[in-house]
Amino acid sequence: MGTMRACPYQNNNAFSKAYSKWFFRPFYEVPLNVDDLAEHIAKDSKLERSKVSTITSAIMKQMGELLCNGHPIRVPHLGLMKLGATSKGVETLKEYNAGTEITDLYVLLTPNKEIKNAIRGIKFMKYIKQKKTPV
Amino acid sequence: MSQTTISVYQNNNAFSKGYHKFYGRVKHSTVVDEKTLCMHVAKDSGIEESDVATVYDALFKQIEEQLCNGHPIKVDCFGTLKVSFSSTGVSAAEVKEKFPKFNPETEDIRKYLSVRQIKNARLLFQPCADVKTLLRSVKFMTDKSEWETPSPDPGPEPGPEP
Numbered sequence: 001m002g003t004m005r006a007c008p009y010q011n012n013n014a015f016s017k018a019y020s021k022w023f024f025r026p027f028y029e030v031p032l033n034v035d036d037l038a039e040h041i042a043k044d045s046k047l048e049r050s051k052v053s054t055i056t057s058a059i060m061k062q063m064g065e066l067l068c069n070g071h072p073i074r075v076p077h078l079g080l081m082k083l084g085a086t087s088k089g090v091e092t093l094k095e096y097n098a099g100t101e102i103t104d105l106y107v108l109l110t111p112n113k114e115i116k117n118a119i120r121g122i123k124f125m126k127y128i129k130q131k132k133t134p135v
Numbered sequence: 001m002s003q004t005t006i007s008v009y010q011n012n013n014a015f016s017k018g019y020h021k022f023y024g025r026v027k028h029s030t031v032v033d034e035k036t037l038c039m040h041v042a043k044d045s046g047i048e049e050s051d052v053a054t055v056y057d058a059l060f061k062q063i064e065e066q067l068c069n070g071h072p073i074k075v076d077c078f079g080t081l082k083v084s085f086s087s088t089g090v091s092a093a094e095v096k097e098k099f100p101k102f103n104p105e106t107e108d109i110r111k112y113l114s115v116r117q118i119k120n121a122r123l124l125f126q127p128c129a130d131v132k133t134l135l136r137s138v139k140f141m142t143d144k145s146e147w148e149t150p151s152p153d154p155g156p157e158p159g160p161e162p
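Sequence lines, in order, name chains X and F. Position 104, counted from 1, in the first sequence is what my numbering calls 104; the numbers after and before it change by one each time, with no gaps. Position 28, counted from 1, in the second sequence is what my numbering calls 28; the numbers after and before it change by one each time, with no gaps.
Hints may be right or wrong, so weigh each one.
[Unchecked claim] Only part of the chain F face toward chain X is listed, based on derived beta-carbon distances under 10 angstroms: (1) 8; (2) 12; (3) 56; (4) 106; (5) 122.
[Claimed, not checked] When the alpha-carbon atoms are kept at most 27 angstroms apart in a straight line, the in silico DSSO-like pairs for lysine-lysine are as follows: (6) X:61 / F:35; (7) X:94 / F:27; (8) X:17 / F:96; (9) X:21 / F:27; (10) X:17 / X:129; (11) F:61 / X:123.
Don't read these hints as lab results, they were simulated from the structure. Since we're looking at a predicted model, the values are computed, not measured. Note that CB positions come from ideal geometry on N, CA and C, so glycine has one too.
In isolation and in its complexed conformation, chain F is listed as follows (with noise of 0.2 angstroms):
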């Protein structure tokens, strides 16, 4: 079963309308870096951790190139990686007045509008239901040891009277 500690934290911001009451933010262990990752799969797998680094680190570099070039990415029991943008709107009129030749009952409108209008291109994540439900089966443990006031200090020894 998996566990997560959860630190307590109290909201500061006095514009909220959660001011001054408390919450909890998962407190995050030490960062995996791709040298321990590789370390537990080949422990855990009996392959050779070279060959779980090559693999690691070609599979990542293969995604980021797919997802780059418009394929969104399916990862089996861990979820979908694509790219994805915003774009701002022109309306028919504001095409007519930049186009003055562009007839808009006789043309496709489509043929006038610019990929200059995409913006703020950006990677999601959505993680798959197999994710959700390992997410759900979760068990939390509070840290409030942040909050726990220390005992009062002793103050120095008393040393030997002269």
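Here chain X stands alone, though its shape is the one from the complex (with noise of 0.2 angstroms):
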């Protein structure tokens, strides 16, 4: 079970309903590229540093472009990635031509049932930062 740290704020915006009212935010933690996985990666799989960093660029690029040419792909504890798209509307089937109607594509992430119960079990901790005294 995972621990993520949560800050408490005052919503400051004067036209919003909510205004003056106290909310968490997420207070995220040094965020990690792949290059840092890859030592954990090495050191549980006995695999050289070098060779893991390797594949895990090749596997990136290798999704970046399967996703491209419209092959959903199943990602191993995370869920479903595939492309969707934005369309105009036209009024006869004639007059369509995904060149000019689709005005944006864009990456979706579907979490499966694994990480879902992961991201439900989460404990949040109340963090609260300490106001800056001028010095």
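Assembly of the complex is requested from the two constituent chains, each provided in isolation within its own frame, with the hints serving as guidance.
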């Protein structure tokens, strides 16, 4: 089970219905990149670190290419990644041309049960940021 | 150059402004599973498939673990994954009602807030600029096959006359 810090903050937007109310937002730890993870993977798998880095880069490159060619990808421990599109509407079928009517293409990540359960199990800890005192 | 097939569909929602108009959506090819992806990577990189499979599974297991511990994961040339959540809001008056001892003038309200306000934790994926550029370069192929009327059925072949 994971633990995550949550930081209280006050809504200061005078135009908002929730003006002056108190909410929580995530307090993120240091961002990690794949290289940081490669060290853990190398230790666990007994593969060389450089080899792990080469493989992870190749995996990411391959995933990008497959996605752009319309292939959804089942990602272990996370879910299904696929492309989605936004389209303008036209009156007749004959008029429809994807080249001009598709206005946006985006990546969708549908989480699987495993990650959903893991996220549901996260324990949140209140983290109060100390206000900076002027020197 | 990447190519994605767009299939055309008609909006059948009578309450929608775009009712009866024609739109496009991505026509997804076969889902790529772990084995297929590892096979592609192994072929391209010349690394053994078993090593690729080990790293592939371990990588996403690590990502899952770190995400659930509040670390955003930045994947070069791909994007950032992180866990986010929503929360309900409470006003000072509501806190005062719940904790009569609370003095808003002398005490920090944050001490009285509870993480129980947190709800709807979810996974977010933000593609990086590289992916956005790649997506912008994708070529589209329009697929209207669903709407093409099949040629009229010629009917059964005439059999030999009795």
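We went through each hint and held it up to the structure:
1. 8: Holds. Min distance 5 angstroms.
2. 12: violated, 12 angstroms
3. 56: Since chain X brings a Cβ to about 6 angstroms from residue 56 of chain F, closer than 10 angstroms, the hint holds.
4. 106: Violated. Min distance 15 angstroms.
5. 122: holds, 7 angstroms
6. X:61 / F:35: At roughly 16 angstroms apart (the allowed maximum being 27 angstroms), residue 35 of chain F and residue 61 of chain X satisfy the hint.
7. X:94 / F:27: holds, 19 angstroms
8. X:17 / F:96: Given pair residue 17 of chain X, residue 96 of chain F holds - Cα atoms ~20 angstroms apart, limit 27 angstroms.
9. X:21 / F:27: Distance of about 45 angstroms is beyond 27 angstroms: violated.
10. X:17 / X:129: holds, 25 angstroms
11. F:61 / X:123: Given that 27 angstroms is the threshold and the Cα spacing comes to 19 angstroms, the pair holds.
Going down the numbered hints, you'll see the structure goes against 2, 4 and 9, while the others check out.
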